[in-house]
Amino acid sequence: MRLNIVIGGSAGQGINKISGIVSKIMINQGYFTFNYRDYPSIIRGGHNFNILSISDKRVGSYESKVDGIIAMDNNTVKVHKKDLKKGGFIIRPDDFLEYGRNLNVALAGCLIKILGFDKKILIDEIKKELNNKKSINAADKGFEAEKKIFSLKKLKNKINIMSGSQAVAIGAVNSEINLYIAYPMTPATGVLHELAAKQIKNGFMVFQPENEVAVVNAGLGASFSGARTMVGTSGGGFDLMCEGLSLQGMSEIPLVVYLAARPGPGTGVPTYTSQGDLNIALRGGHGEFPRVVIAPGDPVEAIEKTNEAFYLSEKFGCLSILLSDKHLAESEFSFDGKAKKALKVKVNRKVPGECIVKASSYEHDKHGNTTEDASITEKNAIYRLKKYVQIKRAAKRFEMIKIYGKKNSKNLVIGWGSTKGAILDAIEGLDFKFLQVLYMMPLSEQIKKEILKAKNVVLVENNLTGQLGRLIREKTGIKIEKRILKYDARPFLSDELRKELMKVR
Amino acid sequence: MKLDTKNTITWCPGCPNYKICEAAKLAIFRLMKNGYKQKDFAMVTGIGCHAKIFDYLNIGGIYGLHGRVLPTALGIKLGNPNLHVLGFAGDGDTYAEGISHFIHACRYNNDMTLIVHDNRSFSLTTGQGTPTSQSGYKSKAEPLGLVNLTLNPIKLALVSGASFVARCNARNVKHTAMMIEKAIKHKGFSFVEILQDCIVFNLDINNLDKNMHRVENKNNMKKAMVLADKWNYDNIKGKIPIGILYQARRKTLDENWPQLVKLKKKKVGWKRI
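Going down the list, the sequences are from chains Z and B. Per the working numbering, the very first residue in the first sequence carries number 21; after that it's consecutive. Per the working numbering, the very first residue in the second sequence carries number 142; after that it's consecutive.
Bear in mind the hints are in silico, worked out from the structure with no lab data behind them. Ideal Cβ positions, reconstructed from N, Cα and C, are used throughout, including at glycine. There's no promise every hint is true.
Facing chain Z, a subset of chain B residues (Cβ under 8 Å, in silico) [what the hints assert, rightly or not]:
id, residue
1, 181
2, 204
3, 206
4, 215
5, 217
6, 221
7, 224
8, 237
9, 240
10, 241
11, 266
12, 267
13, 407
14, 411
No more than 20 Å apart at the CA atoms, straight line, and that leaves these computed lysine to aspartate or glutamate pairs for DMTMM-like [stated by the list, open to error]:
id, chain 1, residue 1, chain 2, residue 2
15, Z, 399, Z, 465
16, B, 180, Z, 374
17, Z, 427, Z, 383
18, B, 143, Z, 374
19, Z, 37, Z, 114
20, Z, 102, Z, 118
21, B, 147, Z, 393
22, B, 412, Z, 374
23, Z, 167, Z, 115
24, B, 406, Z, 374
25, B, 371, B, 396
26, B, 174, Z, 374
27, B, 147, Z, 383
28, Z, 139, Z, 103
Footprint (simulated), chain B over chain Z, 3 or more residues, beta carbon under 8 Å [claimed, not checked]:
id, segment
29, 74 to 82
30, 208 to 218
31, 221 to 229
32, 294 to 303
33, 326 to 333
Could you build all of it, start to finish, from the sequences and the hints given here?
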């Protein structure tokens, strides 16, 4: 059983409240949900919509055809009617306008009735979330106005919901973060807001300086004096940080960078999604120095991989880049598993206040003094290379790749990051194996073996040029010919991807 | 522990940077006599002639990037508010590449010190003009001479909210050392602008020595603005006030953040909490 419901309105009307309330009720009833958020760069007005997927099994994407439309304005009906399945339902705002700001709550009430749940479940949730008479009344009236269409029964699953941003924040807190430094930029801002809200309770600090150049340099300064530090940004801000990343490479001050991608180049399509920044995550910053690039594909992985990024960065004095995108950061996922226990991130290095410590952007001797000597320069370059070999070895203890689907299938899909949910939903029941790459640098040697074992290899990426494909070709010499690429700033829809996969199989 | 290092000094013979280095050592030495610990100092330098001081001064820190002294120093202080953080920067560093950081550092009033070696040229890149080079200044990059308005960093610091603003003459080691010492002792963001010649590319300051006169002004913003206006970094005439041009007590960044207040109370950085 799987339902897709569009919830639409103009910015500021509160459509997230509807999907939020309904999702909470659904997971309490044991159903999995996936909530996709689509909004333009507008604060009030325009057209925003969420697509809420509801399923009795794990779900990580949405589909092109919808079972129902919940419309906060009439424009929503106009825009989405073409996607409505035959016999699908539409709830219009007209009958509920008297509830004013509680229009969204009334519509949530309608949907709960349509799905076939008891009113008590609805009212209890509204009391928990909003607890005011007007909202409760609106929910009640909405519920009474509709007729039951489905009859969903309570299931036994124990499910959580979380966005990718929330998960990264939890991963950071689990790693005992001391400082998060960031300048606002969609879609990285979610982590800034999450961590800012947690800072007092969890005893760390969140600081927003004047720009991303300040962010990365302040991040290095803070880490130098012993703070476990993460900085966060999106593509344009990451570009500005690149010189600082290079300073990290020379100074070896540990630093974790959270990079949430959005479609570029330039300002691009700022509130939508893309996997177009893998290249710059791998290469950003002048000179040659080691780094770690990790791309989680769901919230549980985001929690675990954030911790690994901190761990490796502190252990090796290296740069760790945690690569996400709008689709992972802002979609709300549901899951029944749990993240692994976090590794302790120990700061063992000497810091100022304990003794004289010197770090430098110049090539330097072991005391931190500047040198232009050829033999020291060469020695240090080799040292940086060796450090990467050590990082590679250490990363092997973590899940650098994951395999899903039919383990013996000769049809192999390769993908990474936020496409995971759509790929898993698309290959459900098909003769496909899915290889998810989590560590982009270092890259797992298993990947080559898996490609050689398969007969039919398909690359799936949410970008124009197949950046993971290029990386795999660089590291293995294998060119993946079959590619399904999407670059319209929207994520993959599982039903469309399934059709594409059947074609290339 | 000594403040000297064994590194070979590579400033040009006769460069006023030797004197600035002496003055900084003298100030730190005096503070150490008064209980400041050498290991509690952290410096950040930019890139340029000034920055070589990193190798000649035996205190810890980061030899940072061009223009990024202030955010790096801010970070060090956020990481451990108990450190005495000194930024050594150049005029190109601070007033060109890093100008935005300068304005915001004044606003933040983070308890740290910025010392600008203002030789009014990009000397390590062979003498191009900076925002404080006098108009008409010629270089290989600007053979027709500079036509842009000069920047008055003193005025900019004052309007941006710096709580300690001083100017001195590099050639006067004793006075410069006193200014640096007072700046470090000041609670809040302290800015010490040191006028110096570049003896290879810009000898303008040498000609202005006779125009300099000592002043001291505290808490009076109006007077500070008048003092700042006396010399616009361009006109060869006009008196150049040196000394403390403004000083006032304003809540510092670490007094405003409960997390940092806690670190200060416990006298630790994040590593030890």
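Verification of the hints:
no.: 1; hint: 181; verdict: 6 Å, holds
no.: 2; hint: 204; verdict: 4 Å, holds
no.: 3; hint: 206; verdict: 5 Å, holds
no.: 4; hint: 215; verdict: 5 Å, holds
no.: 5; hint: 217; verdict: 4 Å, holds
no.: 6; hint: 221; verdict: 4 Å, holds
no.: 7; hint: 224; verdict: 6 Å, holds
no.: 8; hint: 237; verdict: 14 Å, violated
no.: 9; hint: 240; verdict: 11 Å, violated
no.: 10; hint: 241; verdict: 6 Å, holds
no.: 11; hint: 266; verdict: 16 Å, violated
no.: 12; hint: 267; verdict: 18 Å, violated
no.: 13; hint: 407; verdict: 12 Å, violated
no.: 14; hint: 411; verdict: 4 Å, holds
no.: 15; hint: 399(Z) <-> 465(Z); verdict: 28 Å, violated
no.: 16; hint: 180(B) <-> 374(Z); verdict: 6 Å, holds
no.: 17; hint: 427(Z) <-> 383(Z); verdict: 49 Å, violated
no.: 18; hint: 143(B) <-> 374(Z); verdict: 17 Å, holds
no.: 19; hint: 37(Z) <-> 114(Z); verdict: 19 Å, holds
no.: 20; hint: 102(Z) <-> 118(Z); verdict: 28 Å, violated
no.: 21; hint: 147(B) <-> 393(Z); verdict: 17 Å, holds
no.: 22; hint: 412(B) <-> 374(Z); verdict: 11 Å, holds
no.: 23; hint: 167(Z) <-> 115(Z); verdict: 15 Å, holds
no.: 24; hint: 406(B) <-> 374(Z); verdict: 18 Å, holds
no.: 25; hint: 371(B) <-> 396(B); verdict: 34 Å, violated
no.: 26; hint: 174(B) <-> 374(Z); verdict: 19 Å, holds
no.: 27; hint: 147(B) <-> 383(Z); verdict: 18 Å, holds
no.: 28; hint: 139(Z) <-> 103(Z); verdict: 29 Å, violated
no.: 29; hint: 74 to 82; verdict: violated (count 0)
no.: 30; hint: 208 to 218; verdict: violated (count 0)
no.: 31; hint: 221 to 229; verdict: holds (count 5)
no.: 32; hint: 294 to 303; verdict: violated (count 0)
no.: 33; hint: 326 to 333; verdict: violated (count 0)
Comparing the model with each numbered hint stated earlier shows that hints 8, 9, 11, 12, 13, 15, 17, 20, 25, 28, 29, 30, 32 and 33 do not hold.
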